[in-house]
Amino acid sequence: MLRLLPEQCPRLDMLGAPPALSELLAEESGLLLVTGATGSGKSTTLAAMVGHLNQHLDGHILTLEDPVEFIHHSERCLIQQREVGRHCPSFAAALRVALRQDPDVILLGELRDSETIRLALTAAETGHLVMATLHTRGAAPAVERLIDVFPAEEKDQVRSQLAGSLCAVAGAKIVTCTSGRESCAIRASGQHASGGEFDP
1 MLRLLPEQCP RLDMLGAPPA LSELLAEESG LLLVTGATGS GKSTTLAAMV
51 GHLNQHLDGH ILTLEDPVEF IHHSERCLIQ QREVGRHCPS FAAALRVALR
101 QDPDVILLGE LRDSETIRLA LTAAETGHLV MATLHTRGAA PAVERLIDVF
151 PAEEKDQVRS QLAGSLCAVA GAKIVTCTSG RESCAIRASG QHASGGEFDP
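Take the working numbering: the final residue in the sequence shown is number 200, and no numbers are missing along the way.
Since the hints were derived computationally from the structure, they do not count as laboratory data. Heads up, the beta-carbon is just placed ideally off N, CA and C, and yes, glycines get one too. Do not rely on the hints blindly, as some may be mistaken.
Quick list of the computed label-pair ranges, beta carbon to beta carbon [said to hold, decoys possible]: (1) R76 with M14: 15 to 23 Å; (2) S29 with L78: 17 to 25 Å; (3) D156 with H87: 15 to 23 Å; (4) A163 with L57: 25 to 33 Å; (5) S114 with H73: 17 to 25 Å; (6) A163 with A26: 17 to 25 Å; (7) H56 with Q81: 37 to 45 Å; (8) T178 with S29: 37 to 45 Å; (9) G85 with P6: 15 to 23 Å.
Dumping the calculated SDA-like pairs for lysine to any residue here, alpha-carbon to alpha-carbon at most 25 Å [said to hold, decoys possible]: (10) K173 with S22; (11) K173 with A140; (12) K173 with D113; (13) K173 with A37.
Work out the full structure: start from the sequences and follow the hints.
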């Protein structure tokens, strides 16, 4: 199957992202989740976040995706994109290698299993800004989902790691504007986010 990838990724302001989301991207470490249903704009939001970092900060960004949905060109940041199934066998395997490459920012296309979540939390605790998607609707279900993946004897440890590393949860949703066109609405909430949402 042939997939056409967009030449340019959208900007956060085009998505109507709250200012709090741009401010969160200045964090040096932590976990920033983008949640929503399938087709809600999660990947588009992550792409816009990478684009924002690439225009405003210096650093090394490593994306781990399945599949790659936007092509990023290095501007202020060195951006390396890896595709699961093509460059690496799994998100967890790619993340283990990524931690040895010393990226400042790691984008994970999806937190799918306990091993990937564990490695993402470790990365967030050890000085990396980790941005990832999760198929949930809102902050509380996202946290519950991350914890519920683990066996009972590990849940307290995961809660502790999340309490120390989770910066914010940004919920993405497709809404119909008054003009009739569809747009991605984003709301950010969490210990480092003041909240805010897009009103089309």
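Hint check against the structure, violated hint numbers in rising order: 3, 5 and 7
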